[in-house]
Each structure stands twice: as structure tokens, then as C-alpha cells.
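Q: Read off the chains here:
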Amino acid sequence: MKKINKIIASIFILLWFSACGDLDVIPQDQLTTGSIGNTADGIINATNGNYALIKDGAEFNGIVDDNNAYLRQYFQMSDFAADDLLCGQKTEDPFYFTFTYTHSPSQSNARFFWYISYKIINGANAVIELLEKKGELTDAEEQLLGENYFLRAFMHFNLVRFYAKSYNNGDPSANLGVILRRSTAEPSEKARATVQETYDAVLEDALTSLEHFKTSRGVAFASTEAAWAFLSRVYLFLEDYDKSVEYADKVIDSGKFVLETSESYPTYFRNAMNRSETIWAIQHTPSDSRGKFGSIASMMYSDGNSGWGEEFATEGYRSLLQPDDVRRLYIDTVFTDNGDIQKKNGLDMFFVTKFSFQDGDPNLSSPVMFRLAEMYLNKAEAYAHLGNEALALENVNEIRKNRGLENQQYSSVPSGKTLLEVVLEERRLELAFEGHRFFDLTRNKLPIDRTYWGYHIKGLTIGQIDPNNPPEGYDNLVIEWDDPRKLYFIPIDEIIANPLCVQN
Amino acid sequence: MKKILLLFLVLIISQHLLAQVSGTITDEDNQPLIGVSVLVPGTSTGAITDYEGKFQVNAQIGDSLALSYVGYEPLRILITQSPMQLQLKTASVLLENVVVLGYSSKAKTEISSAVAVLSEDELNDTPTSDVATLLQGKVSGVQVINSSGEPGSGAQVRIRGISTIKPGNAEPLYVVDGIIGGSFDPNDVASLTVLKDAGATGMYGARANKGVIIVTTKKAKQGKPMFEIQTSYGQNIADHGNIKMMTGQQFFDDFSAEFYRDYETHEIDKIRFYQDYPQALRDKNTSWIGELFQPAPIQKYYLAASGRTDKFGYYLSGTYYDEGGTFRKTGFNRINLRANTDYKLNSRVTLKNNINVSSAKGSSYDYLDLYYSYLGVPWDNPYNEDGSPRYVDGTDRDWWSRDHINPIHSIDNSDYNYKGVDINYDLVLNINISDWLSFSTSNRLSFSTNKGHRFVSPLAAGTFHGKGYIQESQDMWYGAISTNLFKFQKSFGSHDIDGIIVGEFESGQNEDLSLEGKGLPEGFDVPTVASKEFAIGGSRDEGKFRSFISQINYNFDKTYFLTASYRIDASSNFPPKSRIAHFPSISASWLMNKMPFIENSKWLTSLKLRTSFGITGDPEIGASRYLGLYSLNTQYGNNPAATPYQLANPDLTWEKTRQLNVGVDAGLLNDRINLGFDLYNNTTTDLIVLVSQPLSQGFEFRWENSGAVSNQGIELNISSVNVKTRNFEWTTSFNIASNKNELKDIPHPFYTTIGGITQIYENGREIYTFVLPKWLGVDTETGGPLWEKIERDDEGNIISRSPTSDYSEAEPQIVGKALPDFSGGLSTSISYKNISLFANFAYQYGNDIYNFTRVFMDNDGHEPYYNNMVAKDDWSRWQRPGDVATHPSFQNNALSKEVSSRYLEDGSFIKLRTLTLSYDLPTKLTDRMHLRGMTVGLSANNFFTWTKFWGQDPEVTLNRLSWSMPGVSDFKYPNNKQLLVNVSLKF
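Chains as they are written, first to last, in my numbering: chain A, 1 to 504; chain B, 1 to 987.
Accuracy of the hints is not assured; some may be wrong.
[Unchecked claim] Lysine-lysine pairs mimicking DSSO-like chemistry, simulated, CA-CA at most 27 Å apart:
{"id": "1", "chain 1": "A", "residue 1": "K214", "chain 2": "A", "residue 2": "K243"}
{"id": "2", "chain 1": "A", "residue 1": "K486", "chain 2": "A", "residue 2": "K458"}
{"id": "3", "chain 1": "B", "residue 1": "K602", "chain 2": "B", "residue 2": "K352"}
{"id": "4", "chain 1": "B", "residue 1": "K544", "chain 2": "B", "residue 2": "K108"}
{"id": "5", "chain 1": "B", "residue 1": "K89", "chain 2": "B", "residue 2": "K724"}
{"id": "6", "chain 1": "A", "residue 1": "K343", "chain 2": "B", "residue 2": "K284"}
{"id": "7", "chain 1": "B", "residue 1": "K270", "chain 2": "A", "residue 2": "K458"}
{"id": "8", "chain 1": "B", "residue 1": "K270", "chain 2": "B", "residue 2": "K311"}
{"id": "9", "chain 1": "A", "residue 1": "K250", "chain 2": "A", "residue 2": "K214"}
{"id": "10", "chain 1": "B", "residue 1": "K166", "chain 2": "B", "residue 2": "K54"}
{"id": "11", "chain 1": "B", "residue 1": "K833", "chain 2": "A", "residue 2": "K343"}
{"id": "12", "chain 1": "B", "residue 1": "K218", "chain 2": "B", "residue 2": "K329"}
{"id": "13", "chain 1": "B", "residue 1": "K544", "chain 2": "B", "residue 2": "K487"}
{"id": "14", "chain 1": "B", "residue 1": "K490", "chain 2": "A", "residue 2": "K344"}
{"id": "15", "chain 1": "B", "residue 1": "K833", "chain 2": "B", "residue 2": "K924"}
{"id": "16", "chain 1": "B", "residue 1": "K789", "chain 2": "A", "residue 2": "K458"}
{"id": "17", "chain 1": "B", "residue 1": "K270", "chain 2": "B", "residue 2": "K108"}
{"id": "18", "chain 1": "B", "residue 1": "K544", "chain 2": "A", "residue 2": "K344"}
{"id": "19", "chain 1": "B", "residue 1": "K740", "chain 2": "B", "residue 2": "K490"}
{"id": "20", "chain 1": "B", "residue 1": "K467", "chain 2": "B", "residue 2": "K329"}
{"id": "21", "chain 1": "B", "residue 1": "K789", "chain 2": "A", "residue 2": "K486"}
Simulated from the structure, these hints should not be mistaken for lab results.
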């Protein structure tokens, strides 16, 4: 009996000690928010994380959908709403709502874009606050501070362009912009700032970033020049043309960048990280290839296996490409076995390859956010508005010289066209599919004309397509510059959880 | 003389006192039964049979004896002679008397809570790898859904509705042989107890919200070694439900031609049609379903040996289960070995060892291959002239199917397989400290590891064409749990009191690892040959649990029963201030059998009233949900990158359910009819919810406690022996349960959405309620789709409802729900002499299913190159003005396949799960073969389903996961119809 008591007692004591360890379990592959600032690496990692969020897919609504990545939505939400790409196939993908202008507050591409933009903004806020609390900063830390200010400005700027009226549409001090998030400490419910306030904040953050940049970390990261390029773009939207020219010139005069030539341009986009035209690009490594379901390329190109290849370059765009223009090499015509142009669902197939072939991967590229060509074209547009034909054309010609059109430079505005038309045509040729066209038209108060066959026409069936005549009598063929449908709705999630936020 | 008289008196008295009645007790096979309790009713006299089944008891001829023994019918008999030869009969199903409740066991009559017991025979009516499948239709209030027919897949079990709204695991807690968790093969199950109310589940406190299933594996039976062999062999046949895909001709004439119907003349423009679609296509007819789904063999072999000596008992078994998949290149097999042994070390101490080892292997599939097997256009021929699968990609012009994939070629050039090993070792030490106190310590070490292998050959079409892809993943789980309990038992006259005090400690860790690479040379599928685009992943997590449990049972006169328990749990999943939670429960019952109105009643044999109240919880939210976190799982330009992952919530606490249950059990006509009736009202508060944050915070959600859900229900069981004669017996068992689910106290409604299909979580509604634009059919004039537009005044009150052809005007509204109004089952068994016929039906009524597969297969021409299903009889397509049609014109179909109530269908069904005919060989024959028994049988499973649902089959997932929504029927691995031959031998 005593022996048994001893056995029981010892079992209990043993168990008590073995189980009495504390119940704190710290995750082993995550950092707690409190510990991120404790190490030098923590701040760098958190800053890199803000860039990674631009390229990565992220879980949204409980789903990791490959569709959902910042860049894919950024390009699709702008270019699929414009006139360089046509919709060759009805689809379940929410970008179909962009093509057809059937926007709604529950549209997942626009909801995700909003969400991930603010995730980056708040990620930037967290780093900014940690560094500013620190006081004395090293050069490396100053650089990180600058980068985070820049990212915050860049994100707010893209948001205000998608979700608010353009700056020159009505009164910017009355029109609603987006919610400004410039601190992690503020209440979760917050009203939208005005368009004016939004742009003010964008400018302030971009200018602040310039005070902090020290040693550039390369073109994969924000830098002084990236911030200048950004400001040049922002001032165009603000119609402050002198400023736009001023900042474009700073970039050009820095001497750090050189335009690609007609020889190098055809391979530029697949090598963007290593080319001298790039100011800032989102670096993708081979492991970042997002494949058929998530890459930007997969919708507009396929080698038979790599993508869906359902969106094609429009005739309106292709007709601008002169035979010598090397930019036409980014259009890949698909032929049938007997040499005709292949049709899909009744539409001619012209693939676009600007986002393909980095490291040989048809779905991989490091999308360029700013490049030198845009600086010349920003200047051209600014000078056109300022009425300076000579300088406008000079900047246009700077591009044409390097795109195989040495012999087709402008000496004057061709008859039947305005100077602005010449500039915008060149911008369209040069910057197509890079997220500019939709905003270029809006900013310049021009309609989007989509009088061509494609499934942006709601309810179209193949039997209705008449290859010999343009479509007639359908909705959505021409979208006026100030059509309210161009604005994406504020995501339903924001409206429900933030009663202060007013819907578009 | 006085002395003589005294001596005589003493002799008489002592003779009387020492009068010994002796006897031997055996089972029906004349094997001695050891340990049978022999009592003389009304006295404290009793005995226990020894190794040879013998007993001696102080009693007289004329007294009576009460014999009782677990698993056998009790016997009360008058002593007419000594020694006596007595035989006990194996307890029939209706008289099952001891119920295993996890930490303790109790006689059924003494239980005050709602539990259901299934014996081995009731449970194991068909071979399967998953025990949950076997519960379908058998227990009231337990909804079982076999949402996939993939070999090796398990069923989803929901006990008394849904008590949590967070995504993830909603399965009940399994307790195997008294220890939480564990694994087992269905063939090794001796009995299974479903604990439904807090009176029973309260003992599992924090983990009991979703109900508890107690599994008891087989033990050695008395006597000499026994062997048993069971084999089943048969076929799986894919059950595509009501889906029939179009033939080449149907697809040509009934579908493709519609694209050319002129909207003005309403006629097909045949000239253009035949230009684009050569008429020869009509004669091309590939049945993709026929090519990809084939009947597949299924087999099971179970061997067991058991025996017992006075010190040592053993049960050893091996099961081999091999299930072929109906879908190309899928299958599953498992070997399970179990050794349950017990040793009597001395009169006080027993030691038990249970070991279960299983090893499984399977071949899975890729969702897209399954998807294309339904949607492939019948004009495409998947084979080359030499019969090999044809390679197709986007550059092939003579291929019609939309995405230019030949699933047969893809499947043959890829591999999705997995292997796993699972080991559980239980060590239980029982010490009887005194006649009223015992101690036991039950300890389990578990280890499991699974390896997954995904391989796509460079030859396969698709994203990996030319480079190939390999991914290997491995996870490992190891854990230990120790349950230590003191048990006491005392009687004072008519008062019986017993109880337990338990300390329980658990800790488990999970580690996983994965790697992938591309650039594989043709013909190789090991990771080392990959040459580029490598990625690695891996994680570790840990959970700890500590619990203290106590319970007291009291009864007076075996008539009034009272049980109270109290459990304290501590889990590492919660922040320090809410880490510890308390879970009390109490239950009481009144067994009215001694009431005169029952004793005198001709028809009422027994009656019990019972009630219970208690609190249970749910800690399964995953580790570290309360911390603010950055995730380190990405990189930028190959530099480490940390991204904000989770908002902190230091106030996070447990979900708790208050459960109230009232029940009645009655036996009628000498227990020929047994009734059970239960009412319950459960309210779960502090629901752990991902509460939506303004997205502009950079976080979608935060884990918070918010809102409540109540489940109120009624359950009824009736089992009866309808006819019983010497040669003929007919029994039925019927159950029905209705559960009403309702959300409460939710601050503002929230939605979950998958592919636009939306469910609302709103006060006063049940969970999984569909909120969709309402479909109003087809405009008779235009042939276009119509939805319902709701107009509201400034206060939001509805002014009018009208049809609209503009989808964006159609306000989503409540149109259906995924949970049934009631569900249940019916089993019936008819036997005549040695032949018996058994049928088991399961049913549910009142739930809706969103038939997402129709978006593709019944697509109004939105997808010209997906095959479509043959229209249901009452479907029609609009062709010209005036047509009253269910389906819109191809020419005016805008957004018709967008999410709406159009695809919401009645999901009610009745299914004949099992129909079995079996034959017991006559003893004469088996004796000659030296067998104790032999049974041969034939079963047909799932052959008949009655449903209006027009999709794969109405057993649709109830899991809320990132890729699945309860009540949404997406393409899934079809369930199986099975035909089986079963043979079992005992010797």
C-alpha cells in the first residue's frame, strides 16, 4: 500500500513539473509588432516588406487568389478601362467589370487594390513612427525614412486617381479625395479628405522624402530621382506645368539615366532592372513569377501554355505604329496554320509582350514605375499646355529618335492635328499598357473611344460581330472624360466598417 | 442435553449461514465467463466468477440470483439446484447497458444527459476509412455530410447545429479510449458514444462546443483465443447525380447553333453557323466523363485475434483497406495495426498498453483536371491515332474546348500523391488504492507525419510545360497528453456516490517543411534534379493545454440521479488575462420505473426524465491570434521582408456555450419499443469573429469576441422490434432532429463571399444565409434576364418590388439558407432464419444549395467552348417574343450567369446509404468447418438518392474555409455508388 502511494505521489510530482512550464507560446516565423523596431534588421525588413506588398499576392476575404496583387490590379484597373487593350473573352475575373464599366462597391479588384494600398501606407507609417521616435539616425536609417515617405505619397496618389474625381474636374477643395492615413495612432473611423487635401499630403510626403534620401539602394527602391520623377508626374495632374518640367529636368540632368535606343528598346522591359532608362521598378526574381493565374502578362500573352492570352492590342493602338517603329515589336500577332490572323471568339489576336520574358519566363517582368522616357513626355505635355510648340516637339522627337523613327521626327505639328494630340499620341505609343493611357485621357479631358468589337460590349455574342463594320448602338462605346462611372467605388468593406467614409 | 441442543442449533444455523450455492456461468458458445457479478438481491451477498466461470455464493435454494456482466443481458433466476449451469446471452442492441463517457463509464439507466451509443454492429455496416461516414443517418441531431468521394476522404459531422462562425475546423472532439485525440481504424471500434449535451460534454469543457465523440476500441473477450476475418470486395462507381453532359450532337444542335439565332428573325442563321462550325462535328462524340471516370475496385481485409488469461488479455488486429478512385489515377490504401493488451500486475494494479500504427498512401488529383472532365467539348478527341493521350496547348487550332487542356494528357503527365504514418501509444496504469478509491494515469504519445508530392512533367501542357514542376512537403506532429484521475465510489444505504478528480496536461507541436523547384529533366521526379526557381517553406507551431476536472455523481435508490462536474482549462492560444476558463455543468434524472403506474402498466416498461445544464467552450482559434504580428514569409529582391500580418487584441477570450437540455427516455411493451426525446437550447456567446476593420487601416480584420449564436432543437428517436418470432424478426430505428440556428448581438452585419456568392451574418438570421440578387426569370418580350429591384424610401422601408433587366439595380436579398430544417435517418432490418436484409436511409430537408457548377455547365452561351449539361425537363430557352422560358436568349443574356438566386436550388434529399443482404451459415455447416460462425453478404451503397437538386449530388460541403462556402456546390470529386461482397469468419 505504501509502495503504491509512493508511485502515485511520484507520478503526480513528475507531471506537475513537466506540465507547469508557462503557457506563453511565441510564434517562430513571425515578429510581434512590438519587437520590429528592436533590431536594425527589423526596420529594413519592414521597409522591404512594403515593397514586397507591391509585387506579392496577399490573402483577401479569406482567400489567397492569385488575381489579387497590387501591380496586376494597378495595370488592369487603368489599361483595361482605356482603349489600348480589348477584351477577347468574357470572364469570371473582376477585371471584366473594369472592361464593361459595370463597377460596384463589391468589385474585388478595386477592393483589393484599396486594401493593399493602405496596407503599404500603414506599413510605411509604422516605420516612419519608429524612426522618428529614435531621434538621431544613421544615413542608412535616413534613407529608409525617405523611402517610406515616398511610398506613402505614391500610394495615396494612385488611390486618389482611381477613387476620386480628377484634380481638374470641378472644385478639388470640394470634391472628395481618399482617406489620408499618415499615422498608426488615429481612430479606425475616418472621413475622406478632399481631392485638394489629398494632393497636398502627397506633395508634402514626396517633398519630405527628398530631405531624407541618403545612399540610394538601387533602382528597386525609392530614391531622390524616383521622387523627382514622381513629382513631375504629380504636377502634370495638378496642371502645374512649370513644376512638372522642373522635376523632369532634375531627373534628366542628374545624368544617371539614358534612354534606351532603337536597338536596345526591344529587350528593355525584360531587363528593366539592369537598364539605364529605369528610375524605379518593382523588382521580381524568378521565384516571384506569378504564373498563369496571377501574372500581369498572362492575360495578354500566351505561348500556348503560359497564359490565358485573352486581351489583345486594339486596332486604334496598332494603327499608330509605323513600320520602322521598334515599339511594334511588343505586339505579337498570332497566326493560323495557313497564315491568317488567328481569331478568338471572333476577334483578331494581337498579344502584348511588355510584361514577359524576364529570365526567359513568359510571365515574368519587373514592372517599371518610372523611366526616363516619361520625363521627356511629361515635359512635352507640359510644354504643349504652356503653348511652347518647339520644346514640346523637341521632347517628343527625343523619344522618336530612339524608337526607330529617326527619320520621322516632327519639325512642326502635322496639319489636322493639334500639338497636344501629337504629344498624347506619342505618350500612347511609348507608354502603352504601363498604366498611363486612362489617366492621360482623363487629365486632358478627352473621351475614351471604344467603338470597336470586343467583349467590353455587354452581352455581345460571337454571331453579332461584324468584322466589316464597327459596332453601333451599344452602351459603353464612348466614355466621356468626366463620366462618373470612371471612378471606382469605395469598397463596401470600408463603407460598412467606417461610417464616416462617404461613397462615390 | 443443553449442550447437544446448542450444538444442534449451531449446526442448523451454521448450515443455514454457510449454505453455499455454486455454479458455472458460460456464454452462448459455452465458453466460461470470468468476472460475472453474482448477487443475491436484497442482501449484500455476492460473488464474482473465477477463471473457469465458477462461483460460490451464500444462498439457499429458493433464493434468487441476479447476474450481470458487461456486454451481456442481465439474468435473474431462481435457485433450484446447486451446482447450477447458467448461460448469459450477449446483450442485444436495445439492451446495451454500459455507456463509455470518456473519463468514466455508466450504466445507461444512470445517465442524466443526452448521449447516443452505437455498437460495433450498428456502426460498421460498410467498409470505409473514416468512422464519421458510418454515423450518417444513425444518430438524431448529428448531421453527417460526405462532401467528397475521393478515396480516403472523411465526412463532415455537425452535432446540434453550428456553434461557431469562425472559419476552419468545426468537427466534434474525438476521444479514443479515454484520452483526447488519437487515431483508430473503424473496424477496431467496439462502441461509439456521441455526447450531445453539456451534462456529458461538460467534462470536456473548453473543447466541447462542437460535441464529443467517444470511441472505444475492442478489447480481449473472455476465454480461449478467438480469431476473426472480415473481407469486403467491390466496386466504386462515380455518382454524378443528375448531371448528364451533352453529346456531340446535342452540343451542336442545342447549344452552339443558338449563337447564330438572329435576334430579329428568331431563326438560326445556318449559313454562318455551318461556316464556323462544320456539320461533321455532330458525329464527333467524346464522353469526357466516360473517359475520365471508371469503376474502381474497393477491398478491405480485417484480421483480429483476441484472448484472455487471468492475468493477461490481448486484442490484436490488422486492417488493410484499399480503395480505388473512380477518377483517373486516384486511389487510397491504408494498413492499420492495433495491439490492445492489459496485464494484471497484482490484485490492485493493472496496466494497459494500446498501440495503433497506421500507414496510408494515396493518389490525389488536380481540381482543374476534374473541372475539365465535365466541361470538355465532345468534339475533341483526347487520343492520338496510336491511342496515346494527345498533347494540346493554346497553339492547337483544331481543339474546341475552352482552355486548350486535355485533362487525360495532364493527368498522365503529373502525379499528386501522399503518404502518411500515424502512431499512437497509450499507457494506462490503474491502481485500486482501496475498495472505494482508485487512481489511474492515462498517457498517450502521438506522432504523425505526412508527405505530399506534386509533380508535373515538362511534357504536360500548361504553365509548367517545358520545365516541369516538383513540390514536396512534409509535416510532422508530435504530442503528449497525460490524464490522471482519482476515482472514488461509496454507498450508504440507498445513497450511492462516486466521483473523479482529474489533472490533464497536453502539449503538441507541429512542424512542416516544403520545397519546390522547376527545370526538371524529362523522366525524373525527385527534387534533386530540379534546376531552377527553387522555393522553400517551413514553419513550427506549438500549443499547450492544462486542465483540471472534477465530477460527482450521486443517486438515491437508483431512482434519482445527480451529476455535477467542473472543469478548468488553460490554453496557450489566449492572452494571459483570459487564459484560464471555467466550465461547470450539472445534470439530473429521475428513473420512474419504481413508480406504481409503471410497475402496474402493461405497456410502459420504463420511463426516465432527465435534464442538464452546463457551459462548454471552444479554444480552436490557432496559436497567437491575440498578438500584433509581422509576417516574415516573403522577400523583396531576395532580401528578407516583413509585412504587417495581424492586429493585436489583448482582450481575446474563449467562445462559451450555455447548454440546456431536457429529455425523456421511455421503454414500451417490455422494451420492444424505445423512445428518446430531447429538447435543447444552446447559446454560444463571445463568438470569435474576424471583425471587419476599415480597409484603410491596412488590415481587413481583427480577431474579436462579438455576438452570439443560439441553437434550439428537438430530437426524436424511435427504435422498435416490430415483429419477433422464432424465425422472423423485423426491427426499425428512426430518428429526426430539427435545429434552429439564430445569430444575436452582432454589432453590424457582415458578409462572407466566394466568387461573388454571399452569405450574411445578421441578427435574427441563421448562419450561412444566402443573400443574393433575386432572379425573376426571363423577359417574355426580350428574352433577357430579369432580377428583382427593390425601391426604398428614405428610411429604408421597401416601397416596391419590380423586375429589372439591369443587374446592378438588383439589390441582394435573403433568398435561402444552407442549413436544413430537419435531418435524420431510418434503419430497418428484416431477418428470417439465417437471412437478413438491412437498409439505412439518411435524409435532410429544407436546405438550399448554390449550384455553382451550373454557372459553367448551364451557361447561356457565356462560355461558348464549355460543354453544357442536358437541360432538365422543365427548362426552356427563349427564342422569340412571347416565349415563357426559364433560360434567356443567347443574344440577350447579359450577366445572366452572374450571382443570383437563379442557381439556388432545393437541397433536400433522401439517400439509401446502405442496402445489405446477408446470410449466416448454419451452425451445422460451420461446426463441420470448425468455425464459430460465417456470414456472407452483399451490399449496395448510395444507389438511390431522391432529390430535386440538379447537380453532382446534394451532399454539399458544410466547411467554411478559404476556398469553400457551406452550401455551395462547386465541382467536386463525385461520391461513390458501391457494390460489395462481404464475407466474415469467426473461429
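Q: Next step is simple, just say for each hint if it's right about the structure.
A: Now for the hints, and whether the structure bears them out:
1. A:K214 / A:K243: Between A:K214 and A:K243 the Cα gap is close to 23 Å, so the pair holds against 27 Å.
2. A:K486 / A:K458: Holds, at about 16 Å.
3. B:K602 / B:K352: 46 Å, violated
4. B:K544 / B:K108: 34 Å, violated
5. B:K89 / B:K724: Within the cut-off at roughly 17 Å; holds.
6. A:K343 / B:K284: 23 Å, holds
7. B:K270 / A:K458: 24 Å, holds
8. B:K270 / B:K311: 88 Å, violated
9. A:K250 / A:K214: Holds - the C-alpha atoms of A:K214 and A:K250 are around 17 Å apart, at most 27 Å.
10. B:K166 / B:K54: Violated. B:K166 to B:K54 sits at ~58 Å, over the 27 Å cutoff.
11. B:K833 / A:K343: Distance ~73 Å between B:K833 and A:K343 Cα, so the pair is violated.
12. B:K218 / B:K329: The given pair, whose Cα atoms are some 35 Å apart, is violated under the 27 Å limit.
13. B:K544 / B:K487: Since the Cα atoms of B:K544 and B:K487 sit roughly 25 Å apart, the hinted pair holds (cutoff 27 Å).
14. B:K490 / A:K344: Not OK: B:K490 and A:K344 at ~85 Å, beyond 27 Å, violated.
15. B:K833 / B:K924: 14 Å, holds
16. B:K789 / A:K458: 20 Å, holds
17. B:K270 / B:K108: 76 Å, violated
18. B:K544 / A:K344: 58 Å, violated
19. B:K740 / B:K490: The hint is violated at about 42 Å.
20. B:K467 / B:K329: Holds: B:K467 and B:K329 sit about 22 Å apart, inside 27 Å.
21. B:K789 / A:K486: OK: B:K789 and A:K486 at ~24 Å, within 27 Å.
When held up to the earlier numbered hints, the structure conflicts with 3, 4, 8, 10, 11, 12, 14, 17, 18, 19 and fits the remainder.
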